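Visitor: Here's the letter readout for the chains.
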Amino acid sequence: MSASIPAVRRPFSWRQPSVLPGFGPTLAVTLLWLTLIVLGPLAVMLWFAAGMGWSGFWGVISTPRVLGDLRVSLTTAFGASLVNVFFGLIVAWVLTRYDFPFRRVADALVDLPFALPTAVAGIALSTLYAPDGWIGSLLTPLGIQIAFQPAGIVVAMMFISLPFIVRTVQPVIEDLEAEQEEAAHLMGATPAQIFLRISLPAILPSLLTGFALAFARCLGEYGSIIFIAGNKPMISEIVPLLIVARLDQFDYQGATAIGVLMLAVSFLLLLTINLLQAWVRRRHGQ
Amino acid sequence: MTNVLTRRAALALSAGAGAAALSGTAALADANALLNVSYDPTAQLYADYDKVFAAYWAKKTGTTPVLHYSHGGSGAQARAVIEGLAADVVTLALAYDIDSIAKRGLIAPDWQSRLPDNSTPYTSTIVFLVRKGNPKNIKDWDDLVKPGVQIVAPNPKTSGGARWNVLAAWAYALKKTGSEDGAKAYLKAFFANVPVLDTGAHGSTLTFTQRGIGDVLVGWESDAFLSIKQAGTGSYEIVVPSISILCEPPVAVVDKNVDKHGTRALATAYLEYLYAPEGQDVIGRNFYRPRDPAAVAKYGHQFPAVNLTTVQAFGGWAKVQPEFFGEGGLLDQAYGQSGAAFFGGS
Amino acid sequence: MASRFLLIVTAMAFMAVFLLLPLISVFAEALSAGLGAYASAIVDPNVQSAIWLTLIIAAITVPANLIFGVCASWCIARFKFWGRDLLITLIDLPFSISPVVAGLLEVLLFGLNGLLGNWLSDHNIQIIFALPGMVLATIFVTFPFVAREVIPLAQEQGNDEEEAAVTLGASGLQIFWRVSLPKLRWGLFYGVLLCNARAMGEFGAVSVVSGKVFGETDTLSLAVESLYGSYEIQAAFAVASLLAMLALVTLVLKAVLEWLHRDELNAVKRKRTA
Numbered sequence: 001m002s003a004s005i006p007a008v009r010r011p012f013s014w015r016q017p018s019v020l021p022g023f024g025p026t027l028a029v030t031l032l033w034l035t036l037i038v039l040g041p042l043a044v045m046l047w048f049a050a051g052m053g054w055s056g057f058w059g060v061i062s063t064p065r066v067l068g069d070l071r072v073s074l075t076t077a078f079g080a081s082l083v084n085v086f087f088g089l090i091v092a093w094v095l096t097r098y099d100f101p102f103r104r105v106a107d108a109l110v111d112l113p114f115a116l117p118t119a120v121a122g123i124a125l126s127t128l129y130a131p132d133g134w135i136g137s138l139l140t141p142l143g144i145q146i147a148f149q150p151a152g153i154v155v156a157m158m159f160i161s162l163p164f165i166v167r168t169v170q171p172v173i174e175d176l177e178a179e180q181e182e183a184a185h186l187m188g189a190t191p192a193q194i195f196l197r198i199s200l201p202a203i204l205p206s207l208l209t210g211f212a213l214a215f216a217r218c219l220g221e222y223g224s225i226i227f228i229a230g231n232k233p234m235i236s237e238i239v240p241l242l243i244v245a246r247l248d249q250f251d252y253q254g255a256t257a258i259g260v261l262m263l264a265v266s267f268l269l270l271l272t273i274n275l276l277q278a279w280v281r282r283r284h285g286q
Numbered sequence: 001m002t003n004v005l006t007r008r009a010a011l012a013l014s015a016g017a018g019a020a021a022l023s024g025t026a027a028l029a030d031a032n033a034l035l036n037v038s039y040d041p042t043a044q045l046y047a048d049y050d051k052v053f054a055a056y057w058a059k060k061t062g063t064t065p066v067l068h069y070s071h072g073g074s075g076a077q078a079r080a081v082i083e084g085l086a087a088d089v090v091t092l093a094l095a096y097d098i099d100s101i102a103k104r105g106l107i108a109p110d111w112q113s114r115l116p117d118n119s120t121p122y123t124s125t126i127v128f129l130v131r132k133g134n135p136k137n138i139k140d141w142d143d144l145v146k147p148g149v150q151i152v153a154p155n156p157k158t159s160g161g162a163r164w165n166v167l168a169a170w171a172y173a174l175k176k177t178g179s180e181d182g183a184k185a186y187l188k189a190f191f192a193n194v195p196v197l198d199t200g201a202h203g204s205t206l207t208f209t210q211r212g213i214g215d216v217l218v219g220w221e222s223d224a225f226l227s228i229k230q231a232g233t234g235s236y237e238i239v240v241p242s243i244s245i246l247c248e249p250p251v252a253v254v255d256k257n258v259d260k261h262g263t264r265a266l267a268t269a270y271l272e273y274l275y276a277p278e279g280q281d282v283i284g285r286n287f288y289r290p291r292d293p294a295a296v297a298k299y300g301h302q303f304p305a306v307n308l309t310t311v312q313a314f315g316g317w318a319k320v321q322p323e324f325f326g327e328g329g330l331l332d333q334a335y336g337q338s339g340a341a342f343f344g345g346s
Numbered sequence: 001m002a003s004r005f006l007l008i009v010t011a012m013a014f015m016a017v018f019l020l021l022p023l024i025s026v027f028a029e030a031l032s033a034g035l036g037a038y039a040s041a042i043v044d045p046n047v048q049s050a051i052w053l054t055l056i057i058a059a060i061t062v063p064a065n066l067i068f069g070v071c072a073s074w075c076i077a078r079f080k081f082w083g084r085d086l087l088i089t090l091i092d093l094p095f096s097i098s099p100v101v102a103g104l105l106e107v108l109l110f111g112l113n114g115l116l117g118n119w120l121s122d123h124n125i126q127i128i129f130a131l132p133g134m135v136l137a138t139i140f141v142t143f144p145f146v147a148r149e150v151i152p153l154a155q156e157q158g159n160d161e162e163e164a165a166v167t168l169g170a171s172g173l174q175i176f177w178r179v180s181l182p183k184l185r186w187g188l189f190y191g192v193l194l195c196n197a198r199a200m201g202e203f204g205a206v207s208v209v210s211g212k213v214f215g216e217t218d219t220l221s222l223a224v225e226s227l228y229g230s231y232e233i234q235a236a237f238a239v240a241s242l243l244a245m246l247a248l249v250t251l252v253l254k255a256v257l258e259w260l261h262r263d264e265l266n267a268v269k270r271k272r273t274a
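So the protein sequences, as listed, match chains Z, P and Y.
Quick note: the first sequence uses our numbering, first residue 1, plus one each step.
Quick note: the second sequence uses our numbering, first residue 1, plus one each step.
Quick note: the third sequence uses our numbering, first residue 1, plus one each step.
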C-alpha cells in the first residue's frame, strides 16, 4: 500500500517555466529601452499636463480655435477614410481576384505611401493640386479648388491612408472560401448578389479595422498635409499644426494640452481597433 | 555566417556613425564656421551677402568661411537662441528681440552702440502688396478694414514684421480717430480681416503669393519688392499707405557663443562688412534701404517716398513691447477675450 | 466580363491618379529645368550636408531599434508571462502617436523650460536644436518597426528547434546565433528596411526639434521644406527625388522579399490583421 502523495501546489509564477535561457536579460533590455524611449517621455508629458490642472487644461482645449481645428481634423479624416474604404475595397478585390498586366507592379505601388517620406508627398500633392498644377488646372475652370481648401486635406489624407485599408482587407479576401460563392452561383445568384450577401459580410470586420487604422493615421499626419492645407484656423488647419504653432511661441503648456488631447483620441482609436480585431478573431473562430 | 557579419557590420557602422556625429557637432564649434540667426524674410539677402563676404574673407585671411543661416519669426528666433540655438550673430527685426537675448546674459548690454547707426546697417518700412490691377482698390489703412477685404499678415506674438505692422497701423488710427479706444477698435477690425496668421513675415508672403490667399499683404517693403521680382512685374503692385513706420532691424554678435566657438573675429567682421560699400551694395540690390551714401545714390530711386513715423515717437521698444504686445497689452485688449485664443499663448 | 473590366479600370485609374501621379510629378518637377540644374541642386554643399545628416541619423537609429527588436522578440515570442500582451501593445504605441507629438515629447524633456532643461544648460549640453534631439525623435518614431515584424514571425516559428538545441547542450548565445537568427533573418531584414525608410524620411518629429539651420541641422526632408519655402521649387523637388528614389528602392526590395518568402510573411500578416 502506498502512502497517498500529497498534491503538489505550484506557487503562483508570473511566467511559465521554460528551458530556454536569456529571459531575464532580454526582458530587462526590452523594458529599459521601452521606458527610456517611450514610457518615460509620455509620463513626463502627462505630468506636465497634470501640472496645468483640469481648469488650465480645459481652458486651452475649449478655445474656438482648438475645437474648430479638431473638427477640421476629424471631418477630413473621416471623409478621406470613407472614400478610401470604397476605393480601397475595389483595389484590394481587383489585386487579389483578377490577373492583368502589371498587377505585381500595382500591388507594390499600394505601399508607396508607407515608403515615401511625408514631406515629399506633401510638396508633390501641393504642386499637383494647386490652381496651376497638373490636376488643379483641370479643375479650376469647373470652379473646383482643391489646394489650400479642406478638400486638399482630404486628398492628402487619402494618399497616406490608402495602404492601411488595402493591406488590411487583402488577406481576408484571399482567405474567402470559394465553396460558398460557388454554391450561391449554382443556385442562380448574380455576381452582385454573391458579393453583397456572402463576400461583403465576411470582409466587413476587416474593412472596419482598416477604416479605423486609416482614420487614426489621418489624424496624426503632419508632413503630407501642411503644404497643401490652407492653414486657416478653424477652416483648413489641422491639430498637429496647432501644436507646432504653440511650440513656435514657446507656449509649452498649450502645446502639451493639445498633445494630450491627441493622445487621448489616439488611445480611444487604438482601443476600438483592438476590440474590432478581437471581434474578428471570435467570428473566425481563431 | 552572413548573419554574424551583418550584426558586426551594423555595430561597426553605428560606432562609426557615433564618432562622425560627435565630430559633426564639433564642427559647429569650428572657428571658421558662422551661424547667422535671422528674421524671416532675409533668406535672399543673406544668401547673396554670404557669397560676397566669403570671397572677401578668403581674400583677406586665406581661409574660406563656412556660413550658415536660420530664418524664422523674429520673436521666435530670439527665443530659440535663448533656448540654445548656437547663433554666432543675430540679425533680427527689432531691437527688443536682441535685448531679450541680452537680458539672458548671452549678449553684452551695450550691444547697440558697438556698430554705427544703432547697429542697423539697413532699414525698411511697411507697405501693402496687392494683386494685379488692385481689384479691391486698396489705397490706405482705411480700406483694409472694409468688410470683405482679406488681409494677410503675420502673428505679432512671434513675428517682428507683424509688430512693425501694428505700430504703423496704430500711428494711422491714432491720428485719424484721435483716441486710444478708436485705435483699439481699428486694430480689432484689422485682425478680424486676417484669415490666417503665419509665424513669420515670409510665411505670410508665401501664403499670399504661393497659396493665393487674401487680397492684400501687409508687411516688409523688402519682401514686397522681392515678390514682384520673383513673380514678374505686373503680377503684384505695391501700395504705399499715407503713413508708415521706419523699421530698423538691428544686428549683434552673440558674445557668449562666439567666445565659446572662438569665432569673435569672424563674427565681428561679418557684421562690420555689412556697412562697407560692397555690403551696402548687396543690401540695396536686395531691396533693403541702405545707409551708405553711394548705395543710396545708386538704389534710392527704386524706393517710394513714404511718410514715416518712428518707434521713438512711441517711446522706444522697451516701452512699446510690454505696452502693446505683452500679456493684457493693447493688442490683447483690442482683440477682447478671444485675443489670447487667436494669437495663442504669451 | 464587363463588370470585371470596369472594376479593374476603376481601381487602376484611382491608383494612377492618387498614387502614381504624385510620384511622377516629383521627378518631372525635379528635371523641369534640365539635368544641369538638377545636378547643381544635388551637389550644393547644404544638400550634401543634409544627405550626410540623414545617413548619420539612420545609422544610429536603425541598429538601436534592431537590437531592441531582437531582444523583444526573444523574450516575447519564446516565453509566456503575465503582461505579455500589454507589453506588445506598449511597444506598438509610437506607431499610433502623431510625429509632432513625438517631437513635443523631446522638447518637454530637453527644452529650456522642460524637465532637464536647466541641468543641460548648466552643463552646456545641447540636445534640442542639435543632432541628439533629432536622433532621439527618430528613434521614438521608428521604435516598433523592427519588433513588430520579428515578433509575430518568431511566434509563428515556435520554440521547438530552440528547445532541441538546449537538450543538445547549446548555450543561450549559441542558440540565438545558430538557430533563431538564421530563421528570423528575412523578417529582420524586412523590419530593418521599413525602419530605415521611415528613419530617413521622417519629417514631423525632427521638424519640431531641429534648429532648422539649412546646411547644419536640416535632414533631407527638412531641406525639401526649406527649399520649397524659399521659392526654390525645382531644387526642392530635386532633393525630394532623392528621397523618392529611396522609397522606390525600398518598395522593390520589399516586393522581392515578400515574393521570396511569401509563406512566412503571409502567416505574419494574417496574425496581425486578424
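Check the hints yourself; a few may be wrong.
[Stated by the list, open to error] Derived SDA-like pairs (lysine to any residue); straight-line CA-CA distance at most 20 Å:
#1 Lys229(P) x Gln234(Y)
#2 Lys103(P) x Gln234(Y)
#3 Lys229(P) x Lys80(Y)
#4 Lys80(Y) x Val29(Z)
#5 Lys132(P) x Phe102(Z)
#6 Lys254(Y) x Val29(Z)
Calculated from the structure, these hints are not laboratory results.
Quantities reported herein were computed from a predicted structural model and do not represent experimental measurements.
Visitor: All the hints need checking, so say for each whether the structure fits it.
Guide: So, going through the hints one by one against the coordinates:
1. Lys229(P) x Gln234(Y): Holds - the C-alpha atoms of Gln234(Y) and Lys229(P) are around 17 Å apart, at most 20 Å.
2. Lys103(P) x Gln234(Y): Violated. Lys103(P) to Gln234(Y) sits at ~42 Å, over the 20 Å cutoff.
3. Lys229(P) x Lys80(Y): Status violated; Cα separation ~68 Å.
4. Lys80(Y) x Val29(Z): Holds: Lys80(Y) and Val29(Z) sit about 17 Å apart, inside 20 Å.
5. Lys132(P) x Phe102(Z): 48 Å, violated
6. Lys254(Y) x Val29(Z): Violated. Lys254(Y) to Val29(Z) sits at ~29 Å, over the 20 Å cutoff.
In the structure shown, a violation is registered for the earlier hints numbered 2, 3, 5, 6, in ascending order.
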